[in-house]
Amino acid sequence: MPEALQTVERHGRVLYITAGWRHDENDDDALRHDVGLEGEPLPIYEWFEDLARKAPDLFEAHHQQQDEIRALKGLYRARLDPAIAALRLMLAQREQDPDSTFVKEEFQDAVEALHALRHRYVRQCDRIRAEFTEKWHPLDHPQVSRRVQQIEGMLREARAVLIAGGHVGVLRNRLEFFGFGESLRQARRRGVGVLAWSAGAMAVTEDVVLFHDDPPSGQAHPEVLDRGLGLARHIVVLPHARQRLQLHDKTKVALLALRFQSACVGLENGAWLAEQEGTWVNRGQPDAAFRLSQDGEVHLLEKADA
Amino acid sequence: MYRVAELQKRIEADPRRADHELEQFVKSNEFPLLEADTALFFFWDKRSVDSIHLVHFVFGLESRQEFQRIPGTDAYYLPLELPHAARVEYKFEVRRGGVLQWMRDPLNGRQAFDPFGSNSVCPMPGYIEPQWCRADPRARRGHMERIRVQSKAWGETRDVYIYLPAEYKPHKKYPLLICHDGDDYRKYAGIRKVLDNLIYRHDVAPLIVAFTSGGAGRNVEYGANPRQAQFIVEDVIPAVTARHAINESPETMGLMGASFGGVTSLYTAWQYPGKFGQLMLQSGSFAFTDIGRHDRGPLWDPIVKFVNQFRADPRRINLVPEPGQPHRATRVFVSCGTFEGLIYYNRSMAPILRDAGMKVRYVEAQDGHNWINWRDRLRDGLTWLFPGHLWMYYE
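So the protein sequences, as listed, match chains V and P. Letter by letter, the first sequence follows residues 1 to 306 of our numbering. Letter by letter, the second sequence follows residues 1001 to 1395 of our numbering.
Don't read these hints as lab results, they were simulated from the structure. Values in this document were obtained by computation on a predicted structure and should not be read as measured data. The beta carbon of each residue, even a glycine, is placed where N, CA and C say it ideally should be. Possibly wrong hints are sitting among the right ones.
[Unchecked claim] Heads up, simulated DSS-like pairs for lysine-lysine below, C-alpha to C-alpha not over 30 Å straight-line:
no., chain 1, residue 1, chain 2, residue 2
1, P, LYS1009, V, LYS54
2, P, LYS1173, V, LYS54
3, P, LYS1173, P, LYS1152
4, V, LYS73, P, LYS1027
5, P, LYS1172, V, LYS73
6, V, LYS54, P, LYS1152
7, V, LYS54, V, LYS252
8, V, LYS73, P, LYS1173
9, P, LYS1275, P, LYS1193
10, P, LYS1009, P, LYS1027
11, V, LYS250, V, LYS303
12, P, LYS1169, P, LYS1193
13, V, LYS303, V, LYS252
14, V, LYS73, V, LYS252
15, P, LYS1173, P, LYS1091
16, V, LYS303, V, LYS104
17, V, LYS73, V, LYS250
18, P, LYS1046, V, LYS252
19, P, LYS1275, P, LYS1173
20, P, LYS1152, P, LYS1275
21, P, LYS1172, P, LYS1193
[Said to hold, decoys possible] To be clear about the criterion: a stretch of chain V counts as covered by chain P if any three or more of its residues have a C-beta under 8 Å from a C-beta of chain P, and this derived list gives those stretches:
no., stretch
22, 193-203
23, 206-217
24, 274-282
[What the hints assert, rightly or not] Ranges of calculated distance between the beta carbons of each label pair, as one might list FRET restraints:
no., chain 1, residue 1, chain 2, residue 2, range
25, P, ALA1166, V, GLU46, 13 to 23 Å
26, V, GLU131, P, PRO1323, 20 to 30 Å
27, P, PRO1321, V, ASP287, 26 to 36 Å
28, P, GLY1274, V, ASP287, 29 to 39 Å
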């Protein structure tokens, strides 16, 4: 991370967000050490929790919005399971009978059904959020708008913003609540670097995808949590994929890659992907970033010259 | 059997070299010798014995099996066919000069401990010790504190140990799990380390665990005894909630125990319906009768009576659906070793719980009535009852 930070040419403070650490948001000694003395926290987890006391109605309404999204998630899962089972079946059929036109067509339709299901789920999440925004105008609430102004002021002076990992749902929701999607987009245009890792990296992409092939209980299909901030485009980020995914299982790899139009990229410790003229290049360790392909293979991303 | 047959052949070919051959055999092998699905137990201490038997705790196999002697030597062996993933605890029963002695296998350093001492362990090739049982230097350690509880139920003071997760924050409310035979779970199943690891990995949600242990009459106390249930609900829980913020909704209140500890866990839920929505029952001594009397002795009378009552009305311990929570139900984890005499009772329990509308996870293992079996199932049980945010954490 210090190496990546050095590539940011702009001067100013380094801001960091550790909301994914939830109650441990302020246990940031190790991170401060990495960043150096110039680092300054953006404690958005704490700011949001403050709303429980200072704006309880808004806080409660936001919780209700999240409950609705959770209920929606249950329905999404109920449809996701059979859709994945169908695609798995088509995949097996296609391998057995690669020349069959109708198998190809059904296979393609099964893939598109999963894309459509994902789009619908995300649109429904957007609708729930839009209703909340229309009713409550959270960014105009005095307790929120003063924080937003504070964030924008800090971003104007900033050289870079770091977004650490942790609980991706909490992190994504807090970032979204305080309007980071737009403010970070503007900051980037001014040359402010955005460096995000693990859950932080997931939160800045377009689709936040939760995944684990072997959870101790419950279902194991990767699923979309929600829309991300959309700063990093055309990529689905899969941190610690070697630990969480059975990458030797070609069927599972293919099923995951087929479900997204964007590239599914596994990131391990030492990985560093940088956006360069609209494409992603690997500036980190060569074996720490890899792409899951639709044929079930895993391809290392070649290291690009810095 | 191949290697011991080869050994026999070499000894038969040159009996004068028997000791040398045996020395080499013992030095160059690990015991019990595993070949395919057979474990070969071996005994040779250079002295003759009157008899030697393998004593094990595998229900379904003859529990005392005699070794065979290698002709012309004081070496003895016993092949035993076992399932691929079996884990067997055993001892040798050696009779020498009319004196009978139980001992651990001198050629096998693997031991398992329990309140009665220790046994030798034979893990078959398919048994894998869970990685989360071992100390993980990355895992932050929880805190353990001892409190003295003045018990109205028992009329005396009892120690309760409270586990607080590493992330413990006084202003947060945590689930509470009451663990019976807590001293033994900590000592022989290493549950503290397991909790540290599983919470660190986000497999299990941060929770508070209260470890209680029975008194001198533990079997009577845990045998479907209303005073024990009273002790948990009226003595232990108030003492814990006086010190720590507990979420007392039944969905976050759990009971766990093994053997008679499983019985008292179920019995406490039965005595206080609606209080506990999470049960972890390991190798529960759920003896029952469909007709006639049981033959297990008077200690089991209250247990059999209770289990018979429970089987007639299992819904009593299920949580009642509420507005906004139509699918509310008690979650139960049941596990048992297939080598236990209790397997029949535990297998019978799972469908009864399910049919009563509870959410049940039932797990069997090729193991016996012992603390390592119960340790090895902790992840299955704890993640079923108190799932963590593994799905959400990326660090």
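Tested hints:
1. P:LYS1009 / V:LYS54: Violated, at roughly 87 Å.
2. P:LYS1173 / V:LYS54: holds (21 Å)
3. P:LYS1173 / P:LYS1152: holds (26 Å)
4. V:LYS73 / P:LYS1027: violated (60 Å)
5. P:LYS1172 / V:LYS73: holds (26 Å)
6. V:LYS54 / P:LYS1152: violated (44 Å)
7. V:LYS54 / V:LYS252: violated (47 Å)
8. V:LYS73 / P:LYS1173: The given pair, whose Cα atoms are some 26 Å apart, holds under the 30 Å limit.
9. P:LYS1275 / P:LYS1193: holds (28 Å)
10. P:LYS1009 / P:LYS1027: Holds: LYS1009 (chain P) and LYS1027 (chain P) sit about 18 Å apart, inside 30 Å.
11. V:LYS250 / V:LYS303: Roughly 24 Å separates the two Cα atoms, so the pair holds.
12. P:LYS1169 / P:LYS1193: holds (20 Å)
13. V:LYS303 / V:LYS252: With Cα atoms ~26 Å apart, LYS303 (chain V) and LYS252 (chain V) stay inside 30 Å; holds.
14. V:LYS73 / V:LYS252: holds (22 Å)
15. P:LYS1173 / P:LYS1091: The given pair, whose Cα atoms are some 47 Å apart, is violated under the 30 Å limit.
16. V:LYS303 / V:LYS104: With Cα atoms ~35 Å apart, LYS303 (chain V) and LYS104 (chain V) exceed 30 Å; violated.
17. V:LYS73 / V:LYS250: Holds, at about 27 Å.
18. P:LYS1046 / V:LYS252: Violated, at roughly 57 Å.
19. P:LYS1275 / P:LYS1173: holds (17 Å)
20. P:LYS1152 / P:LYS1275: Given pair LYS1152 (chain P), LYS1275 (chain P) holds - Cα atoms ~19 Å apart, limit 30 Å.
21. P:LYS1172 / P:LYS1193: Given pair LYS1172 (chain P), LYS1193 (chain P) holds - Cα atoms ~23 Å apart, limit 30 Å.
22. 193-203: It holds, with 3 qualifying residues against the three required.
23. 206-217: holds (count 5)
24. 274-282: Three-residue rule not met by the stretch 274-282 of chain V, so violated; n is 0.
25. P:ALA1166 / V:GLU46: 13 to 23 Å: holds (20 Å)
26. V:GLU131 / P:PRO1323: 20 to 30 Å: For GLU131 (chain V) and PRO1323 (chain P) the Cβ distance comes to about 23 Å; the hint holds.
27. P:PRO1321 / V:ASP287: 26 to 36 Å: violated (52 Å)
28. P:GLY1274 / V:ASP287: 29 to 39 Å: violated (55 Å)
When held up to the earlier numbered hints, the structure conflicts with 1, 4, 6, 7, 15, 16, 18, 24, 27 and 28 and fits the remainder.
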